[in-house]
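Asks: Sequence:
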Amino acid sequence: MQTTEPTGGTSSDPPVDSAASIHKKRKAMKPRSEVWKHYDKIQNELGELRARCKYCKRDYIGDTSNGTSGLATHVRHCKVYNLASNLLGPKYRRRGG
Numbered sequence: 161m162q163t164t165e166p167t168g169g170t171s172s173d174p175p176v177d178s179a180a181s182i183h184k185k186r187k188a189m190k191p192r193s194e195v196w197k198h199y200d201k202i203q204n205e206l207g208e209l210r211a212r213c214k215y216c217k218r219d220y221i222g223d224t225s226n227g228t229s230g231l232a233t234h235v236r237h238c239k240v241y242n243l244a245s246n247l248l249g250p251k252y253r254r255r256g257g
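The working numbering numbers the first residue of the sequence shown as 161 and each following residue consecutively.
Hints in this document: simulated from the structure, not taken from any laboratory. Quantities reported herein were computed from a predicted structural model and do not represent experimental measurements. Errors might be hidden in some of the hints.
Unchecked claim - Below, a list of computed lysine-lysine pairs in the DSS-like style, where the Cα atoms sit at most 25 Å apart:
#1 K201 - K217
#2 K197 - K217
#3 K217 - K190
#4 K201 - K239
#5 K187 - K201
#6 K197 - K187
#7 K197 - K184
#8 K185 - K201
#9 K190 - K201
#10 K214 - K197
#11 K190 - K214
#12 K239 - K217
#13 K239 - K197
#14 K214 - K239
#15 K201 - K214
To be verified - Distance ranges between label pairs, derived from CB positions:
#16 R236 - M189: 32 to 40 Å
#17 R236 - K201: 15 to 23 Å
#18 K184 - N242: 41 to 49 Å
#19 Y220 - K185: 21 to 29 Å
#20 D223 - E194: 13 to 21 Å
Backbone N, C-alpha and C fix where the C-beta goes; we use that ideal spot for every residue, glycine too.
Produce the complete structure using the sequences and hints provided.
Replies: Shown next, in the form of structure tokens:
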């Protein structure tokens with residue numbers, strides 16, 4: 161008795177890459193934190209995501225797994241931002257102490 165192996169479909173069916181169909185890229189989400197309006201997202205030479213302050217141009221770790229607390233702290237203490245907000249008036253001043 162001879163045994164035959166199943167062909168898995170007709171010859172017109174495209175090959176299915178099961179690994180590619182399982183791991184689809186997620187749609188990029190809009191940043192949730194308000195702090196991102198003070199930063200530009202950039203990539204350095206090593207391909208790492210960085211956050212560059214729009215006021216003093218300093219770079220910080222921009223990977224969201226590190227959180228945004230450090231970025232918010234910098235904006236509160238950024239001398240260039242605070243100088244500009246004091247010159248522009250109370251609408252742009254930081255809140256709190």
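Asks: If a hint holds in the structure, say so; if it does not, say that too.
Replies: These are the hints, each one checked on the structure:
1. K201 - K217: holds, 12 Å
2. K197 - K217: holds, 14 Å
3. K217 - K190: Given pair K217, K190 holds - Cα atoms ~22 Å apart, limit 25 Å.
4. K201 - K239: The hint holds at about 21 Å.
5. K187 - K201: The given pair, whose Cα atoms are some 17 Å apart, holds under the 25 Å limit.
6. K197 - K187: Given pair K197, K187 holds - Cα atoms ~20 Å apart, limit 25 Å.
7. K197 - K184: The hint is violated at about 29 Å.
8. K185 - K201: holds, 20 Å
9. K190 - K201: Within the cut-off at roughly 12 Å; holds.
10. K214 - K197: Roughly 9 Å separates the two Cα atoms, so the pair holds.
11. K190 - K214: holds, 19 Å
12. K239 - K217: Measuring from Cα to Cα gives roughly 12 Å; hence the hint holds.
13. K239 - K197: holds, 17 Å
14. K214 - K239: Status holds; Cα separation ~12 Å.
15. K201 - K214: holds, 10 Å
16. R236 - M189: 32 to 40 Å: 25 Å Cβ-Cβ, so the 32 to 40 Å window is violated.
17. R236 - K201: 15 to 23 Å: holds, 20 Å
18. K184 - N242: 41 to 49 Å: holds, 44 Å
19. Y220 - K185: 21 to 29 Å: Since Y220 and K185 have Cβ atoms about 26 Å apart, the given range 21 to 29 Å holds.
20. D223 - E194: 13 to 21 Å: holds, 18 Å
The structure fails to meet hints 7, 16 from the earlier list, while all remaining hints are met.
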